[in-house]
Amino acid sequence: MENTSLAHHLILAGLLFVLGLTGVLIRRNLLVVYMCLELMLAAATLALVAFSRFNRTMDGAVLVFFVITVAAAEVAVGLALIVALFRKRGTVQSDALTTLRD
Amino acid sequence: MPDGLFIFFAALTLGAALLLVVSRNAVTSAMGMILALVGVAADFFLLDAYFLGVLQVLVYAGAVMVLFLFIIMLLDTEDATGAYPWKTAALGLATFFLLAAGVLWLFHWSGAVSAVKAGTTPPELSNNPAEFVTAAKAFGRLLYTKYLLPLEIAGFLLLVALVGVVSLSKDNPESNA
Numbered sequence: 001m002e003n004t005s006l007a008h009h010l011i012l013a014g015l016l017f018v019l020g021l022t023g024v025l026i027r028r029n030l031l032v033v034y035m036c037l038e039l040m041l042a043a044a045t046l047a048l049v050a051f052s053r054f055n056r057t058m059d060g061a062v063l064v065f066f067v068i069t070v071a072a073a074e075v076a077v078g079l080a081l082i083v084a085l086f087r088k089r090g091t092v093q094s095d096a097l098t099t100l101r102d
Numbered sequence: 001m002p003d004g005l006f007i008f009f010a011a012l013t014l015g016a017a018l019l020l021v022v023s024r025n026a027v028t029s030a031m032g033m034i035l036a037l038v039g040v041a042a043d044f045f046l047l048d049a050y051f052l053g054v055l056q057v058l059v060y061a062g063a064v065m066v067l068f069l070f071i072i073m074l075l076d077t078e079d080a081t082g083a084y085p086w087k088t089a090a091l092g093l094a095t096f097f098l099l100a101a102g103v104l105w106l107f108h109w110s111g112a113v114s115a116v117k118a119g120t121t122p123p124e125l126s127n128n129p130a131e132f133v134t135a136a137k138a139f140g141r142l143l144y145t146k147y148l149l150p151l152e153i154a155g156f157l158l159l160v161a162l163v164g165v166v167s168l169s170k171d172n173p174e175s176n177a
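Residue numbers (the working numbering), protein chains in the order written: chain R, 1 to 102; chain U, 1 to 177.
Next comes chain R alone, as it looks inside the complex (with noise of 0.2 Å):
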């Protein structure tokens, strides 16, 4: 805390979430994306508690709290919606459903 500054954890954010993104653009199997999209959440989360810090307030860490609460409601729903589409389609590789563009 003494020896780093606001910016040195923006960066480690800003690059985490930028990593998430490009993994969201890359992969085909839906749920490493779905994990992608955690880790961008995450990296906002860790912005979040920064900004909290450095300004000596509660409001971004309690605005963390309600984010993870959120995020696990989401991953519940959102693998839910995964293992349906995997019993009607039998695959959950992005490239192989195209039913909306055929």
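Some hints could be false.
Unchecked claim - Pairwise CB distance ranges, derived in the manner of DEER restraints:
| hint | chain 1 | residue 1 | chain 2 | residue 2 | range |
| --- | --- | --- | --- | --- | --- |
| 1 | U | 3 | R | 93 | 24 to 32 Å |
| 2 | R | 93 | U | 109 | 34 to 42 Å |
| 3 | R | 91 | U | 14 | 29 to 37 Å |
| 4 | U | 70 | R | 88 | 35 to 43 Å |
What the hints assert, rightly or not - On the chain U side, residues computed to face chain R include the following (Cβ under 10 Å):
| hint | residue |
| --- | --- |
| 5 | 10 |
| 6 | 92 |
| 7 | 166 |
What the hints assert, rightly or not - Here are some chain R residues pointing at chain U (derived, C-beta under 8 Å):
| hint | residue |
| --- | --- |
| 8 | 5 |
| 9 | 7 |
| 10 | 12 |
| 11 | 14 |
| 12 | 18 |
| 13 | 36 |
| 14 | 40 |
| 15 | 56 |
| 16 | 61 |
| 17 | 64 |
| 18 | 70 |
| 19 | 79 |
| 20 | 92 |
| 21 | 96 |
Keep in mind that the hints were calculated from the coordinates and are not lab data.
Virtual Cβ for every residue (Gly too), placed ideally from N, Cα, C.
Assemble the complex: chain R is given as a structure, and chain U must be docked to it using the hints.
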């Protein structure tokens, strides 16, 4: 120069996230994700957000990732093997390096962030009731005063998600194509 613990955990987080993105095996990806989330939790500890760090490990790296691993092994999907097609690799590298350069410019070279004085409350937050405290009970107090309505909405959201997941995973014979 940032301190050693920050550098160590930042490198661990970024390396694990890279493993998540490039590994062709979904289980290896999930392991990378767990490690990255633990690295983020360690950074929460370095930022004095102890309660959030514990919560991150328990809820995210614990419960959520166990759910992910469970679904990955349940579906047992066949993964593509070998190197990435060059178009995908080029798209990924271009996206990453362009946006990473943007991040470094915005937070480092532009000098906008380093101009912010650390540890001072900005004037527009001067009569904010939420002063930064490391103790977990500050969360409880805020959740039942300033953030009471969001807390109740979050509880309702969890209920909606619960009902939604149950109805999604029920076998509906009429919708079978």
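Residue 18 of chain R as an interface hint toward chain U, with CB separation required under 8 Å: Since chain U brings a Cβ to about 4 Å from residue 18 of chain R, closer than 8 Å, the hint holds.
How about residue 166 of chain U: closest beta carbon in chain R under 10 Å, or not? holds, 9 Å
Residue 61 of chain R as an interface hint toward chain U, with CB separation required under 8 Å: The hint holds - residue 61 of chain R has a Cβ within 8 Å of chain U, the shortest such distance being about 6 Å.
Regarding residue 70 of chain U and residue 88 of chain R, is the given constraint of 35 to 43 Å on their beta-carbon distance met? About 20 Å separates the Cβ atoms of residue 70 of chain U and residue 88 of chain R, which means 35 to 43 Å is violated.
Could you check if residue 56 of chain R really has its C-beta closer than 8 Å to a C-beta on chain U? holds, 4 Å
Could you tell me whether the CB distance from residue 91 of chain R to residue 14 of chain U stays inside 29 to 37 Å? Hint holds: Cβ distance 31 Å, inside 29 to 37 Å.
Hey, does the residue 70 of chain R contact hint survive, CB to chain U under 8 Å? Because about 7 Å separates residue 70 of chain R from the closest Cβ in chain U, which is inside the 8 Å limit, the hint holds.
Is the interface hint for residue 5 of chain R satisfied, with its Cβ closer than 8 Å to some Cβ of chain U? The hint holds - residue 5 of chain R has a Cβ within 8 Å of chain U, the shortest such distance being about 6 Å.
Closest C-beta approach of residue 14 of chain R to chain U relative to 8 Å, hint status: holds, 3 Å
When the least beta-carbon distance from residue 40 of chain R to chain U is tested against 8 Å, hint result: violated, 10 Å
Given a cut of 8 Å on the nearest C-beta pair, is the interface hint for residue 36 of chain R held or broken against chain U? holds, 7 Å
Classify the hint on residue 92 of chain R as holds or violated, based on whether any CB of chain U lies nearer than 8 Å to its CB. holds, 5 Å
In summary, the numbered hints that this structure violates are 1, 4, 14, 21.
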